[in-house]
Amino acid sequence: MTYTPETLAQLEADAADIVSRYPVKRSALLPLLHLVQSVDGYVSPDGIAFCATTVELTSAEVSAVATFYTQYKRRPNGEYQVGVCTTALCAIMGGDEIWRQVSEKAGVGHDETTADGKITLERIECNAACDYAPVMMVNWEFFDNMTPDRALRVVDDILEGRDVKPTRGSHKVGTFKETERVLAGFEDGRANEDQGVGDPTLAGLKVAREQGWEEKR
Amino acid sequence: MTATPEKAAAVETVSLTIDGTEVTVPKGTLIIRAAEEVGIDIPRFCDHPALKPAGACRQCLVDVAAPDREGNVRPFPKPQASCTMTVMEGMVVNTQHTSEAADKAQKGVMELLLINHPLDCPICDKGGECPLQNQAMSNGRTESRFIDVKRVFEKPLALSSEILLDRERCVLCQRCTRFSKEIAGDAFIDLQNRGAMQQIGTFNEDVLNFDGYEPIGVAAEDESGKAFSSYYSGNTVQICPVGALTSAAYRFRSRPFDLVSSPSISEHDSSGSAIRVDHRRGKILRRLADQDMVVNEDWITDKDRFAFAWQNLADRITRPLVRGEDGELHEASWPQALAAAAAGLKAATTGEDAQGAAVLPGARVTLEDAYAYSKFARLALGTHDIDARTRIASDEEQAFLGATVAGSGLGVTFADLEKAPAVLLAGFEAEDEGGVVFLRLRKSLGRQQVFTIAPFLSRGAEKLDATLIPTAPGGEGKALAAVKGSTAASEALKAEGAVIVVGERLAGSPGALTQALALAKRTGAKLVWIPRRAGERAALEAGALPGLLPGGRSVTSASAVQTVADAWGGTLPTGPGRDAAAIVADAAAGKVGALVVGGVTPSDVTGPFAEALERTPFVLSLEVRRGEVAEYADVVLPVAPPSEKAGTFVNWEGRLRGFATAIPTDAMGDHRVLDLLARELGTDLQTGSVADVYAQIAALGSAAKGERPEVPKVETAKVDAKPGASLVLASWHQLVDEGALQEGEPYLAGTGRTAVARIAPATAVAAGIADGVVTVASAHGAIELPVVVTDGMADGVVWVPTKSPGSWVAQELGVEPGALVTVKGGVA
Amino acid sequence: MTDLTPVLSATWDAKESWTLDTYTDHGGYGALKKALGMAPGDLIQAVKDSGLRGRGGAGFPTGMKWGFLPPDDGGPRYLVVNADESEPGTCKDIPFMLSAPHNLIEGVAITSFAIGCNHAFIYLRGEVTHVYRRLLQAVREAYEAGHLGKDIHGSGFDLDVTVHAGAGAYICGEETALLDSLEGRRGQPRLKPPFPAVAGLYARPTVVNNVESVSSVPAIIERGVEWFTAMGTERSKGMGLFSLSGHVERPGQYEAPLGITLRELLDMAGGMRGGKKLKFWTPGGSSTPIFTDEHLDTPLDYESVGAAGSMLGTRALQIFDETTCVVRAVTRWTEFYKHESCGKCTPCREGTYWLTQILKRLEAGRGTGADIQQLLDTCDSILGRSFCALGDGATSSISSAIKYFREEFDAHVEGGCPFDHAASALFAYEPKAIEEAHA
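Protein chains in written order, with numbering that gives the first Met the number 0: chain A, 0 to 216; chain B, 0 to 827; chain C, 0 to 438.
Since the hints were made in silico from the structure, they are not lab data. Predicted, not measured: the structure shown is a model, and the values here were computed from it. Don't take every hint at face value.
[What the hints assert, rightly or not] Short derived list, chain C residues pointing at chain A, Cβ under 10 Å: (1) 12; (2) 155; (3) 156; (4) 159; (5) 162; (6) 241; (7) 244.
[Stated by the list, open to error] Residues of chain B placed beyond 10 Å of chain C at every Cβ, according to the derived structure: (8) 23; (9) 99; (10) 407; (11) 569; (12) 690; (13) 719.
[To be verified] If you want a taste of the chain A side facing chain B, the calculated C-beta under 10 Å gives, among others: (14) 41; (15) 42; (16) 44; (17) 59; (18) 60; (19) 62; (20) 63; (21) 65; (22) 66; (23) 69; (24) 147; (25) 151.
Each residue gets a CB set at the ideal place from its N, CA and C atoms; glycine is no exception.
With the hints as extra help, turn the sequences into a complete structure.
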């Protein structure tokens with residue numbers, strides 16, 4: 000492995016924290032792979048070796064897991080993972096066109112990274128925000144009700160180094176590595192950041208309030 | 000030495016109907032197995048009786064109806080996978096033979112399996128013996144409806160130097176990965192990627208498109224980082240139901256229908272695994288595992304499978320050689336050569352100054368060969384100077400073997416090992432030295448406590464979840480003596496059916512076998528000796544040892560000697576004779592008149608063997624190949640390799656493993672050659688045919704009471720193993736190494752584990768060694784190996800493999816395990 | 000007219016609804032305290048009596064699932080919450096956990112107490128960063144407030160909760176695949192039997208419940224079985240989140256009693272977008288056979304939807320108007336299943352691979368006369384033959400779309416797609432290149 004002693008020490012400390020969450024060591028593998036991504040920006044071969052040692056598996060068993068899940072990247076990922084949902088409903092509601100324009104703008108295709116390392120573009124599958132279609136995700140934060148213009152503005156902001164703000168969620172999208180650290184189960188103190196609850200989430204509640212349909216106790 | 004049928008315990012059974020035929024099977028049987036009972040073959044790919052059900056390929060779908068709570072037989076709405084569903088009382092199963100729905104479901108799955116399968120049967124090694132091909136022919140559509148784009152992969156992918164993978168042929172049944180994980184414990188291949196791009200593989204950065212340049216380090220499977228270094232990898236090729244996995248050795252060599260298959264027994268270890276030898280026009284093309292449920296079940300080692308080239312290398316001899324006046328060996332006729340050999344031996348054994356002849360048969364012998372050597376030495380040469388143990392050996396061992404093993408028939412069996420609640424291994428590495436013994440033990444993983452008296456926890460022991468009792472070579476006696484009272488091992492061995500396994504290396508540890516016997520007595524555990532090589536037990540049974548006659552008879556027992564002399568119709572010399580080490584030492588000192596050498600490889604022998612050969616006036620070699628002994632031999636008589644003769648291996652269980660000639664040639668077995676030679680010397684051994692030998696052995700039977708050697712009572716030695724300038728040498732053979740019978744097979748050699756020197760952490764610290772290459776040296780010589788600091792290892796010990804690349808211990812260090820050596824070099 | 004019944008969604012519009020304070024202010028964790036005073040067996044009985052059925056799609060009675068656990072043998076048993084919401088169209092658990100994570104945690108605590116579990120897991124899909132933040136914080140808050148941890152509220156009951164993030168695999172919504180994934184393996188479904196109740200996580204007795212199911216438990220315990228059974232239909236009790244998406248004026252979450260109709264829901268949602276005509280819709284996500292305007296009045300309960308030829312699933316109502324090409328929608332769904340097929344079994348792995356190619360050709364105008372029959376035959380080779388329900392689900396939209404819109408498929412064979420794709424988008428644009436399909 001080529002980790003510096005400091006990096007390795009930090010990795011080992013974090014890994015110990017992750018392993019301690021589970022009764023059986025192997026359960027730590029998915030968060031450990033997220034952890035590796037938070038350090039290396041992808042699942043590096045070193046990271047595979049690190050995980051294999053930590054949970055006592057062969058490297059083939061670790062890569063078997065790493066290559067099964069789409070969030071694990073095999074090449075250094077862009078600072079921002081930009082995903083455009085093109086599953087049926089979002090595609091039809093305009094996701095296909097958003098994808099076309101975003102891809103054209105960024106100059107990269109699916110699972111490709113811009114030369115400056117800012118954006119890795121991905122066609123994503125349904126992200127459970129269909130009532131906000133068409134949807135885009137940046138580092139797995141919600142960019143709801145996208146139009147090509149709004150999507151391109153996000154891409155522009157990223158390419159030009161400006162912060163980007165999701166429509167629901169945090170105040171500012173963290174980098175890919177920062178996000179992966181959260182996904183490894185480490186709190187970043189930003190849970191209370193909020194952009195307001197979206198209209199679709201409250202659509203039924205609003206009707207009920209207007210109609211005075213209080214739930215019966 | 001006959002197997003007694005085990006009484007089957009009463010099992011709960013279930014009756015059901017399959018295709019209208021009623022069948023009663025044990026509860027818990029899978030439908031697919033129950034169908035086999037009544038001769039109904041349900042097509043399948045992922046199913047394998049030795050592997051846990053997967054239900055992945057879906058080829059075995061059948062129609063099932065079963066009684067509900069009220070007893071009305073109701074059909075399942077969907078066809079069911081017969082490889083995963085167990086039988087139920089009153090179940091009605093209709094397979095493709097009687098159910099349109101089942102037939103349709105199977106045809107549908109077949110069509111889907113074929114859409115991405117290449118139509119390359121004419122160039123595929125599996126063609127002609129391919130379950131997919133066969134089932135596609137019998138159950139598939141005649142034409143494909145698939146007009147779209149097939150999945151393609153770069154081919155083939157080398158999973159190791161031996162195992163190649165053509166991914167586009169793979170049907171993802173997972174037999175190979177399940178075998179590797181469940182049976183061998185070598186999870187070096189696994190499913191990679193997902194969905195339609197799912198494939199079998201190692202962690203291969205290029206194949207899986209991982210970015211990164213550094214070779215993987217700490218998690219590498221052995222110190223070399225080799226991705227698939229399993230001793231059992233060849234089994235995956237055999238169980239692959241398509242042509243996805245092939246071996247480099249056999250790939251594109253032959254068509255299955257051009258091969259003649261002969262059942263045989265592997266010559267590579269003492270397990271006596273059943274194999275199938277596939278040959279064409281007198282040449283072996285491949286070997287496969289033959290199913291033998293009492294011995295090797297479905298599996299063999301890669302050595303059993305792939306190491307057969309040795310017998311047909313360029314140095315194979317088919318005609319006798321006699322050294323001429325010019326000092327060179329020349330081909331001679333059999334009568335000339337036999338006459339020359341007889342003359343040489345006669346000269347050594349007759350006359351006042353005769354120093355006598357000695358016999359070193361080697362331990363690759365069949366029972367017939369061993370018997371012939373034994374009888375030849377005693378009758379034709381008039382000596383007890385015969386010893387098959389050209390390895391570490393002792394008088395204590397001979398006494399132990401004579402008293403408790405020889406002529407004892409079938410003792411502890413493979414099944415006993417499997418059933419044992421606890422097993423203690425001493426001086427025995429199940430994976431490196433036992434081959435399929437390891438697999439049988441591993442079958443009980445989780446149900447069996449394993450303890451190992453060894454210098455460190457080897458990978459094999461680790462895969463058995465074994466508890467290490469760290470012990471320096473020589474200290475095994477003390478370690479065994481310490482298994483007493485309330486120690487975990489002692490408690491475990493008291494359980495009914497527990498087994499103590501001792502290996503041949505214990506002979507190098509004074510008092511160890513004495514203590515093993517005491518431990519067995521103390522705990523009630525059964526004791527079994529598992530030697531490494533195929534001929535060890537036969538040599539013992541036949542009396543090819545200086546103090547033993549056939550059947551465990553001691554040469555010092557007058558009645559035993561009389562019995563044998565009567566049976567043989569001659570007189571026997573007075574004993575005992577010299578053992579192999581003494582023969583070699585005396586010969587090197589010029590004190591032996593003639594040496595008869597069988598399958599012995601000089602570089603395997605510790606001691607001045609080359610000198611012995613050089614200084615002995617007459618050397619007769621019986622060999623398959625023109626090897627190193629021939630360089631010193633006066634006469635070389637060619638003998639047949641196992642595939643060209645019939646015979647019987649006696650495996651460690653004491654089970655007779657007879658085999659017939661696979662490839663008939665003119666080559667004669669050692670027993671026949673010795674028979675001819677004895678005639679030339681005026682003695683009739685009557686060992687010309689297997690049947691003759693067999694009849695004699697049967698007639699002789701085993702030693703009567705009092706005719707065996709006394710059980711050994713040897714004091715245990717104290718070993719002074721501690722970190723410092725001198726370390727105790729530990730060593731054993733890795734299964735895949737540079738043994739003579741593995742020559743000529745580079746693809747197999749490539750799967751062997753890298754040779755390293757191992758030392759314990761504290762020992763390493765004391766020596767100031769952390770990494771790098773170290774020099775392990777004795778007074779005789781030195782070897783250089785990369786060092787691996789090994790956690791949990793006994794202190795004051797250095798371990799090196801016995802005959803791996805760069806580590807030929809007998810030849811280079813010239814000492815046996817237990818000797819003191821120095822370790823220097825490396826980096827701090 | 001059926002009234003909406005906000006229970007789970009009742010606090011979503013409260014200030015900082017995700018915090019412990021807000022949840023407690025609205026009576027949160029009251030049910031836990033009540034439950035801790037009850038016998039576990041009574042809790043299980045109450046949930047059985049409530050008729051609560053799994054809200055994750057399959058609709059298996061929740062109380063019965065709990066009841067399947069074998070008697071306590073002294074070893075661990077686990078609750079695993081399925082928060083891997085990934086079924087196309089399904090978008091209820093994610094906003095729920097974003098807004099009311101404590102409701103879930105309270106449900107986890109009560110359920111764990113009922114089934115004798117001391118370590119529960121919430122398996123969240125990995126692609127929702129902020130939801131994970133909220134869950135991690137909520138669990139920490141709950142520990143700090145003594146709702147989790149040792150000797151909860153002096154009851155002697157201990158519970159640890161681990162929130163685990165997945166890493167992108169729809170199949171992990173299948174409960175046994177989820178367990179394998181949680182054990183650090185590839186998320187491939189396991190053989191059943193043994194069922195998770197007998198040998199689940201770490202081969203120990205395990206209950207796997209959907210987020211909404213578990214979160215419905217506190218209200219049932221607090222307000223009583225009768226309160227719950229008063230809602231819904233005879234065999235589909237209680238309320239549930241109905242998620243409207245697609246071509247409707249006000250898409251979103253509508254919490255209503257089971258048995259409400261799409262017509263009623265559409266009414267509340269302001270009708271179809273721009274007054275266009277409803278063409279087809281999914282009652283319960285993309286794995287459920289599509290419905291058309293014939294089914295506007297089908298009560299959305301398990302039985303009625305089933306009788307009409309589909310499944311209630313996750314109540315994910317994806318609604319498409321007349322501008323939508325059904326072949327295009329079906330192609331995309333099929334590509335989804337191909338992308339998400341775990342690869343374990345032949346029918347799903349190879350079948351979705353084949354179906355996708357046929358559909359893509361059809362959509363691109365390169366179909367043949369044999370294609371539609373081939374689609375049906377291939378669906379036939381997958382349905383009921385694949386290892387798990389993912390394969391079955393992959394065929395639903397295809398078979399049902401051909402059933403209702405065969406002529407549209409025929410039209411594609413003859414001349415490619417007759418629809419203007421821009422017309423179905425939410426925004427106006429000039430169509431440029433031919434849209435490429437998924438990788």
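Comparing the hints with the structure gives:
no.: 1; hint: 12; result: holds (5 Å)
no.: 2; hint: 155; result: violated (21 Å)
no.: 3; hint: 156; result: violated (18 Å)
no.: 4; hint: 159; result: holds (9 Å)
no.: 5; hint: 162; result: holds (7 Å)
no.: 6; hint: 241; result: holds (8 Å)
no.: 7; hint: 244; result: holds (4 Å)
no.: 8; hint: 23; result: holds (22 Å)
no.: 9; hint: 99; result: holds (13 Å)
no.: 10; hint: 407; result: holds (42 Å)
no.: 11; hint: 569; result: holds (67 Å)
no.: 12; hint: 690; result: holds (52 Å)
no.: 13; hint: 719; result: holds (46 Å)
no.: 14; hint: 41; result: holds (7 Å)
no.: 15; hint: 42; result: holds (7 Å)
no.: 16; hint: 44; result: holds (4 Å)
no.: 17; hint: 59; result: holds (5 Å)
no.: 18; hint: 60; result: holds (5 Å)
no.: 19; hint: 62; result: holds (4 Å)
no.: 20; hint: 63; result: holds (4 Å)
no.: 21; hint: 65; result: holds (8 Å)
no.: 22; hint: 66; result: holds (5 Å)
no.: 23; hint: 69; result: holds (8 Å)
no.: 24; hint: 147; result: violated (30 Å)
no.: 25; hint: 151; result: violated (29 Å)
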